[in-house]
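Colleague: Using the hints, build the complex out of the two chains.
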Amino acid sequence: MKRLDPTLLALFVALLALLVLGFLLPKWLFLLTLSLGKGLVVLGLLLLLRTGLVSFGQGLFYCLGAYAVGSLGQFFGIKDVLLLLLTGVAVGSSVAFLLGFLMAKYREIFFAMLSLAFSMILYGLLVRTAALGSTDGFNVAPPTLFGRPIGGEAHQYALFALACVVAFLTALMMHTYFKTVLGRLSPAIRDNEIRVEYMGASVRHAIHVKYVIAGALAGLGGALTAMTVGHIDPDLAYWTTSGEFIFVAILSGTGSVIAPFLGSLVFEIIRTYAYQYSPNTWQLVVGSALLLVIVFFPAGLWSVFGHLRRRGSA
Amino acid sequence: MTPILNAQGLCKKFGAVTAAWGISISVEPDTVVGLIGTNGAGKTTFVNMVTGYLKPDAGNIHFKGQDVTALHPRQITRLGICRSFQIPQLYDSLTVLENVVVALGIVLHNSKRSWWARSPKIVPAYGTPLMVAAEMMLDRFGLRSYRTSRARVLPEGVRKLLDIAMALAVKPEMLILDEPTSGVSTDEKFGIMDTVMSAARSEGVTVLFVEHDMEIVSRYSKRVIAFYEGRILADGAPAHVLGDPDVRKYVVGGQVAALSTSKETTRA
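In order, the protein sequences belong to chains A and B. In terms of the numbering used here, the first sequence has 120 at position 120, counting the first letter as 1, and numbering is strictly consecutive. Convert by adding 1000 to the 1-based position in the second sequence; the result is the number in the numbering used here.
In short, the hints are calculated from the structure, not lab data. A few of these clues could be false.
Said to hold, decoys possible - Below, computed lysine-lysine pairings styled on BS3-like, alpha-carbon distance capped at 25 Å:
hint, chain 1, residue 1, chain 2, residue 2
1, B, K1055, B, K1112
2, B, K1112, A, K179
3, B, K1055, A, K105
4, A, K179, B, K1249
Claimed, not checked - Facing chain B, a subset of chain A residues (Cβ under 7 Å, in silico):
hint, residue
5, A131
6, G133
7, S134
8, H175
9, K179
10, V181
11, L182
12, R184
13, A188
14, D191
15, N192
16, R195
17, E197
18, Y198
19, A201
20, V266
On a predicted model such as this, the values are computed, not experimentally measured, just so you know. Virtual Cβ for every residue (Gly too), placed ideally from N, Cα, C.
In isolation and in its complexed conformation, chain B is listed as follows (with noise of 0.2 Å):
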């Protein structure tokens, strides 16, 4: 198969400190892939880096066969790659629906190139009214009860699951997550990630994600990639790669046993 996303050689250095050092990733469509590593480690650099918001020193990013090193966030958005953040962004002052409908508006606009349409325009990769996309997102992200809050006051795990409906809202071909359950309650942490899943698979979405929760990573991604240090320590499946002696003595460290012992418990 033939990859939607293929970094060769990335290098990225802040001053005297290298977040990246020859990353070379490639990754096959409709798959899921976890990013774990230290604080540091380098993963948010190698997002940054694939969504636009840094330049790679050195090295080159292909999605889907297309040069996308040097394009701004903004295109590579229209190419099919979007993201969700480690702080969540979004439209504070406006309410949960306001934020889906600004969300869907630049749909239209962008597939459109349009600025003046309005609300009864039917959004494309939806074939529906803007308003009537927006409600229906709303459902699928049981986002609905906060329907009329301000995002501003929305509880962290709310606020988490409406930013990652926002970069679900372009319909992008692949879905980068920078952890999406950090500052999340444990309980919530499963529902956010299986609403996202759920949504992600149903569409076919390729997605990425960071997180530092092994037991999250084990139970969703079909590949795991373990930074350290701004290289790639270790690259496969969870099982391999969590089993991995030098990821357990640098990136994971007392989680795994945790984690082991955890899936004894469901087990039983």
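Pulled out of the complex, with its shape left as it was, chain A reads as follows (with noise of 0.2 Å):
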């Protein structure tokens, strides 16, 4: 009998753990939908990372998502909320596609800066463009879903339900793009590009459909941030919104696709619990975790899970 793969048992529990969670403790529900959202940034994130890129701009993407759902609830009156999510990942996508001619040309920290330049340049944009409501940016309408409203106050826990359906879809696509020529490619990339050009493959060629993906995946993660917490503003693309989304990253490890979504998780509770109680040095206690994570599971959370798997088979 062919074996279960674990990857795709692991989410499917996740994805009844969280519906169950969800509706147990309504009071995380904003907590939880946000994670995921931000999870799917890293998600692609880690695709760039696996591939020895590191972008200080994925804020760009994210930003760009969120925005997008802003507007065309605001200019056009657009509320199907998966019509926004395909929003997201469109306006992303293809974002990416035009900057990744550019992009692709760079590696280490001349694409970490170029990516943080150009997230900046959208920041600076938004910051004075007083349609778009400049620094405070503007309210986002709940969406609907078949013409039924959907998040906000009274239906949080069907927009959460369609946050854990869309994670769990992106990271199924995901898992099985890791196994693909493509996918396979990116450590070898990060390794040896020499190597990869000379068995007769364009580096640069895979270095950008990797761009895109990650664009889409932030578009798509900007989309889901956009209708959960109702307010975009500017500081979707400031530099310290892709500072949060590598430090998620390398909370998460680079292990599997479910490790991001649980990173952005424990960053969010680690953070609203050390804003509660320490309102003027919570970055202190975020700042801690991250260093304790480092010297104890330098290969992020998600390497618990191997630990704890091995043990159980030893």
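Modeller: Here is the structure:
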């Protein structure tokens, strides 16, 4: 008999556990949904990290996804949640496609700084655009699903459930993707571009495709965040937002497609409680938490499961 | 016979240093050519120009009748020339099996032009699914016992072999080896060359190899080309070239004397 893929099983369990958890803990719905949205962005970032590229500007696509959702609702009255999510993906991926022609030429610190520069350009533009609310941003109306309201105070669980399904399907797709030729090429490009080129594959083309996928995921995450929070502002493109995604990526580890969502949730919980109990020094708590993870689990939180599994099988 | 590779009048300068000056070489298919010369004689420069890493200042290179002078390395690879490196170019953080899987994945990508193919897909040149083809390659190159070792920790001889295995994975028509036995212990050298040459012979691959060890050169090549200061000093059958007084003086030095003694020992 063919053995069931453990990641597949874990994904199903995680989906069910989240749906039950959200039902039992309605006060946590906001935090859970937000983690899923940000987890999607981090999942895209992990794809780049596996390839040896650090994008310090995923906030660009995250913000674009969020503003696409906000603008469609504000100026065109489009509120269908599926259409809005698709728009987030479309905007994120098409902008990544255009920038990718330039980005794919750069590596290491130059890649990181260029991505940072692009996100700060968007930030600068939004801050000066009065029609989009300048620094204050604007509110995003709760979306609808097939004409029925979803999200907002009253229908928070429905939006959360949808976020769970979206995250589940995305993680499933990415898990499949990692087994494709292009997916397997990531660590190879990180290790040795010369060998990849001398096998007859184009590194630049591969990186371009990966950058577009990461952009699409960040756009999707941004769209989801906009609907969850109900408000958007230029800070979504600010460098601290992008830095936070890298922070969560390190916290999560590159071990599995579930890791970014777990890391994102842990991060949001730590931040929420740190903010609640020490409003002036919460960054210190968050920083210490990351330090502990780096010292004790250098491969990220996800490696805890690896340790447990090995102990279990031993 | 029409030559598979035809290089005419290749010149290359690096500042004041002339690495190649009017190099013309044509190679018949299905042969094994040894390239010899001291360091800086222009062997590797020639190899780098043929594989597209360097563009010659003058001259042109034709492969199977097609002008490849200005092509990018990956385009040349797709036309059928693949190479190994003096310092093995591997995916160090991946296991030996994963290295081969990535290589075969690229082969699959090149033939089907698809990034999205997965492991059950049949690799065209092999006629088996990707994973099966990968296991077959491990057996063929004697790498099975290193299957799950990371490339970073492999002994140098195994790294060389894996590097060459990955070059051969694309089923090239011409294989270029840059010092396949450098940095490898003497007893391992012949093992590596035997494995590689038998794999190349069974697939009818034309082999060009750069080598400093004259014993290896005389045993495996059908033709030897001696380089000296960016020019070709001698070109012909191994015995003829290695016996040439200029070659003995400028290229081989004391090695040939040692070689003839060792040959006598083997015969005895």
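Colleague: Where does the structure disagree with the numbered hints, that is, which hint numbers, in rising order?
Modeller: Going through the list in order, the structure violates hints 1, 4, 5, 6, 7, 8 and 20 and respects the others.
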